[in-house]
Structure formats: C-alpha cells, structure tokens
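Trainee: Take a look at the letters that make up each chain.
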Amino acid sequence: MTISWSNITKLLNYSNMFQQGLIVTVLLALCTVFFGFFLAFGLALMLLSDVRPLRHLEKIKTDDMERKKRLDFIARFNPVKFIASAYVQFVRCTPMLVQIFLVYYIVFGYVTLPKFTFLGFIQFERFFPAAVALALNSGGYMSAVIRGGIEGVDGGQTEAARSLGMSKGQTMFHIILPQAVKNILPAVANEFVTIIKESSVCYTIGVQDIMFNVKSVQSATFIIAEPLLMATFLYFCLCYPTSKIIEHVERRMRQSDNR
Amino acid sequence: MTTDNKALIQVRNLKKHYNYGKLKALDGVNIDINKGDVMVVIGPSGSGKSTFLRSLNLLEEPTDGSIIFDGQEIVDSKINLDAFRQRMGMVFQHFNLFPHKTILENLTLAPQIVKKAGKEETEKRALELLDRVGLKDRANAYPVQLSGGQKQRVAIVRALCMNPEVMLFDEPTSALDPEMVGEVLEVMKELAKAGMTMICVTHEMGFAREVGNRVVFMADGNIIEEGTPEDIFDHPKSARLKDFLGKVLEA
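So the protein lines, in turn, are chains A and B.
Throughout the first sequence, residue numbering follows our numbering, covering 1 to 259 in sequence.
Throughout the second sequence, residue numbering follows our numbering, covering 1 to 251 in sequence.
Check each hint, because a few of them may be wrong.
Below are the DMTMM-like pairs computed for lysine to aspartate or glutamate, each with C-alpha atoms no more than 20 Å apart in a straight line [what the hints assert, rightly or not]: (1) B:K24 / A:E58; (2) A:K61 / B:E105; (3) B:K24 / A:D64; (4) A:K59 / B:E73; (5) B:K15 / A:D154; (6) B:K15 / A:E250; (7) A:K68 / B:E73; (8) B:K22 / A:E250.
Please keep in mind that the hints were generated in silico from the structure rather than gathered at the bench.
Quick caveat, the model's predicted, so the values are computed rather than measured.
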C-alpha cells in the first residue's frame, strides 16, 4: 500500500465529509462528558454515602468476639454504595464496544427513537444511543475521579464545618465541593480528550463520526491509507491542543493555591 | 471530683476502642465539667486527650459510655446533632479555616446558613469580634495570606460567632511558630476571663497554671489525676504525673 500525494489531493473533494465527521465527533464527546459528569457525580455521592440500614447491629453488645465481628460486618453493608460500585465494576470490566452494542441493539431495540436529522446531517436515532452508551461508560470512569476529588479535600475541613453545626449536606455544598472542583475539573477535561478518541468505535453503529466518514470515503474512492491518515491527523489536532490547554489551566489553578 | 448534678457536661464511663478493644484510646473516663470551668487537659501523646475532647462534640463516636450535656444524653441518642454542635465551639490544631472563603466569609458562613441569621447582623458581629482579636483590617483577606497565629485567632473567632456555650481547644498552639503562641494564648485568656466554659488540650503548662481553674492529667486513656493547677503542678501525687511533669517542665 503506497501513500501518494495525488490520493491526498483527491480526498480534498471529500473534505465536506471529514468536516461533518469532525463536528459529530466533537458534539458526541461534549454530550458524553456533559451527561457522563452528572452520572459520575451521582455515582460518586452514592460511593461516598453512609446508608447502612443494618447499622443497629453494631450496637448489640456481646462478649463473643467472633459474633461481634460478624455483626459489624453485616452492619457495614451499604446497599447504595453496593449498587454504585457494582455498576462501576461492570463498566470497567467489559469492553466499550460491547457496551455500545448492548445499548444500541438491546436497550434501544425496545425503545423506538424518533427518526430525524439535526444540524442537517446528524441522524438522531444513531447519535443518541451512542451518546447514551458513551456517557454510561464515561460516567463510570469519572465517578472514581470525582470521588477522589471529594476525598482529597482535607478531613479537617469537614470536621470544622460539622463542629460549627453544619449538616452533612451543607458541608458538602458549601465547603467540600468548591474545594473539590479544583481536583476534579482537570480530570473531567481530560476525560473529554479520552472520549474524543474512544468515540471512534461508534462508527460501528452508524454514527457518522470521523471514522464513519473514513470508511465511506474508502469505499467510494478505493483509497485505503490516506483517509486513515487524514483521520489520524484530525484526532491529533483535536486532542493535542485541548490537552495542552488543560495542562496550562491546571498549572494556573495550582499557582492560585499558593497565592 | 464533684458530683454536682447540675454540671454542664457529665461524662460517664466513656470508652473509645479500636480494633475490638486491642487499642483503648479512652477506657472509662468519668468527669463533670461545670459552667465557667476552664479545664486544661494535659498528658503524654497517645494518652487519649484529643480523643476525649473530640468525643465531647461527637467528632469521634464513643464505643460506650455516656455524655450528658445540659441534661441531655448525646451518645447514641436521637437528638439533633447539628443543633447540639452549635452550642459547642471547637478550635483545631491545624486551624481548618476554609481556604476558598475570605476571613469574613469564614466567620459568617455558619451563622448564616445554620442559624439563618441575616447578612448584616452576622457581619457586624464578626467584625466586632475580629476587632477584639486585632484582625479587623484582614476581614477581606484569604486564609493563606495570614500567619499561623492570625489564622488561629480567626478560627477562635469563627467558633465564637456561633455564640457557643462551651469552647473546645484541641492543641491550639501546637502547630504554631513559638513567637506566635503568645498572641493565641492571649485571646484564650481573654475568653476565660469573660467567663466562657473552656476545655483545652494543650502542652502549654504556663497557660494551664495561669488560666486553668482545673487541670486534668490523662494517660493510657484514663484520667489519672485531677485538681487545681496548684494540686497538679506543685503537689503531684501519682508517679505517672511526677514523671510527666519532670519531662515537660525541665524541657
């Protein structure tokens, strides 16, 4: 397979398709991170929750140490946390491609989506399931980041707030989250970069992203290598500047800590 | 020990065990704290002083025992913990000011969101108290811009803004440079003079002797000796206390 300049110039006739693919990819990544973030935030709160319906078992007084340990073990059970961590484990331990197929063929096999195109060329009935699947996946990963960001805030902050009489919720909202944002935002932006790349598997369910258009151009022109190079170039141009900007902002944020 | 039933805080058989009793941070502490007491808790590190203090406002959940505050049982009870904590201010070794808020916001946040007090009213009170500790001009600064001593004075004022009935001090000068210890102790002295009930874990023996009306010596999760500063410093009875005083006073 040779790469020739004439093939690349031929591709310019299809620049319109690459442009559309680019828009779909960016839009898909934005939707994913946006919805994924809310999911991740919910999951993080679930992971950090202290819902223990059997906590009264801790209070049972017994001299039998083995029994006491067993009771304490049961008392620690937190169904909310259990559900959230089961979900996160599912997302992390199954391939993204499989998750996308599950969502597209099974979940949206039952739910009929309205068929229409928006922005002139994006098919909603394919774009939406892809965004849902990616958000479900990305939310699972981001929840760990958000939980880490919240846990990363010094424990003394919670103690100070609680000792002033603030409730758990007030402490979270007024004290912890504003400080956790600094830990979380850069990671969420990085997730955006990751999703730009990972969303490339969505062409398999017919979302017209960059990769989908590569396939189309390949079959229309019988040129194999150059469209791929074009896609590589586009992905790189999306990700490299974005991650550089994030790095810069991150450094600025860290400096403001030592103001 | 007094057995006065009108004690503001009655601690009975308070225990805090870790790892199923392998580590006993508190092992059956009994004490009454009266209104207006300035009680100084001293003892070697690991003796349970801080755990004891932190149990009083339930930052540490005791394993067993009872704490009766103003006639109400607070351990394992259904009382509103947040409402109870408003009545007990706490000052920490590492200040724990909120770094994302200005000094004034640090002081007014809790009164505004917990007590639902008005902005003007809380700010007026905060500035008044700030003035008293000599930091009124730093009201709009952020905590990072203050020195350790200034931060701790702000932390004391932050607790006072909630109008607590009791103030807990957890080694308030231990994280400070030596030259800043004095300014914080000065504020605490003022507070004691004004009649605040204070419980203070500290290594400042001079402060204990001068300001405390009661000194409690703890070791191995229990109160070993308790009395007036003269009792404790001039006529120590137990060998543990004599040993401890020998070490800290010669240093």
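Trainee: With reference to the structure, classify each hint as holding or not holding.
Mentor: Going through the hints against the structure:
A hinted pair counts as satisfied when its Cα atoms are at most 20 Å apart, and B:K24 with A:E58 qualifies at roughly 18 Å. A C-alpha spacing of about 45 Å is found between A:K61 and B:E105, which places the hinted pair above 20 Å, so the restraint is violated. Straight-line distance between C-alpha atoms of B:K24 and A:D64 comes to about 18 Å, which keeps the hinted pair within the 20 Å bound. The straight-line distance between the Cα atoms of A:K59 and B:E73 is roughly 16 Å, inside the 20 Å bound, and the hint therefore holds.
Under the criterion of a C-alpha separation no larger than 20 Å, the hint pairing B:K15 with A:D154 is inconsistent with the structure, at around 27 Å. Only pairs whose Cα atoms come within 20 Å are accepted, and B:K15 paired with A:E250 is rejected, the gap being roughly 46 Å. The straight-line distance between the Cα atoms of A:K68 and B:E73 is roughly 25 Å, outside the 20 Å bound, and the hint therefore fails. Pair hint B:K22 plus A:E250 does not hold up; C-alpha atoms about 45 Å apart against a cutoff of 20 Å.
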